[in-house]
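Novice: Residue numbers (our numbering): 1 to 361.
These are calculated hints, taken from the structure and not from any lab test.
Possibly wrong hints are sitting among the right ones.
Straight-line alpha carbon distances no greater than 27 Å define the calculated BS3-like cross-link-like pairs of lysine-lysine that follow [stated by the list, open to error]:
#  : residue 1 : residue 2
1  : Lys106    : Lys144
2  : Lys341    : Lys164
3  : Lys341    : Lys354
4  : Lys206    : Lys164
5  : Lys113    : Lys86
6  : Lys95     : Lys198
7  : Lys144    : Lys198
8  : Lys354    : Lys318
9  : Lys354    : Lys322
10 : Lys354    : Lys206
11 : Lys354    : Lys215
12 : Lys95     : Lys341
13 : Lys322    : Lys138
14 : Lys95     : Lys318
15 : Lys206    : Lys246
Fair warning: this is a prediction, and the values are worked out from it, not measured in the lab.
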Amino acid sequence: MTDSWRLAMSFSTQVVFVKMSLQLCISNIQHIFATVLAWIGVRGPQVRLTSTGKVNLVKVLQKNISQTATTPSSVNYHFTRQCNYKCGFCFHTAKTSFVLPIEEAKRGLQLLKQSGLEKMNFSGGEPFLQDRGDFLGKLVQYCKQDLHLPSVSIVSNGSLIREKWFQKYGQYLDILAISCDSFDEDTNQTIGRAQGRKSHLDNLFKVREWCRDYKVAFKINSVINTFNVNEDMRENISELNPVRWKVFQCLLIDGENAGENSLREAERFVISDQLFQDFLDRHSTISCLVPESNQKMRDSYLILDEYMRFLDCREGRKDPSKSILDVGVEEAIQFSGFDEKMFLKRGGKYVWSKADMRLEW
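From just these sequences and the hints, can you work out the full model?
Specialist: Structure follows, in structure tokens:
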């Protein structure tokens, strides 16, 4: 074997080794890029290097983000966590007492409007607790009068609402949803849907009349759980005649109503999928019934917390984005976990402006 032949073989081996190393390096780079893109929430085709070994990461990011951009057409703003009730299954508990200054809240609402907001739903906690409902009223008025939103709605337990609120702000409100889990006072007491011994049902029927008087669409929300799953609510729902009856399956959220750091222990309220379905079957004749299982609830809501951060509930807990006040809507919404297909499937898009409902008041 000549020295020149040995040298050629050595050079050939080195070339093969270099090629293998380059291929491994390129593969690792591709994996790193793919991991980075997945981590920031980008979905789409696998990132591939060009023949020159370069990739235009900016273009890839812009392409993928534009493909997955979500329009916040319907948003739930939980501007307070404070509440005067102690519902045992509550999954948005009073972990803070923070409420944004009203001008900052309005700035956030304006950002949402600019990003495509059509329906704003105010919730809590109990939204009528802050400034005896005046804080809420000013936001409702701002959304309708200044932002010209097609729909403005509220979810409340109804206990703190007074007729003078309707007199001042009712014209700006499209839908008022009152939470009621039972038409038996003792059951409401057991659940915690009460303040002292005051009648939750008396408030419910009183608010129903005010909604009719001041031309606000009336809605009912019910959480189906261990203590009301066998109840027959058909007669009462028919009498109240809401435009929608939202029926939720009791949901566990780690850090809220389950787990070590939670303020509630809701495990005893949880029912099986079959029991939930049995309840739905029993009430199937109620045309306004809108059922929501645990899966639908986790993935199909755009939820803003008291800091105006989107909350991602896909992993059974509430993982917050950065505030839209700091980074804007487009960036924050990438971390919302929102499933638009599920949103549409559960009937999230409906006739939500009272001007279009053609109700007989």
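Novice: Output the indices of the hints that this structure fails to meet, ascending.
Specialist: 2, 5, 7, 8, 9 and 12
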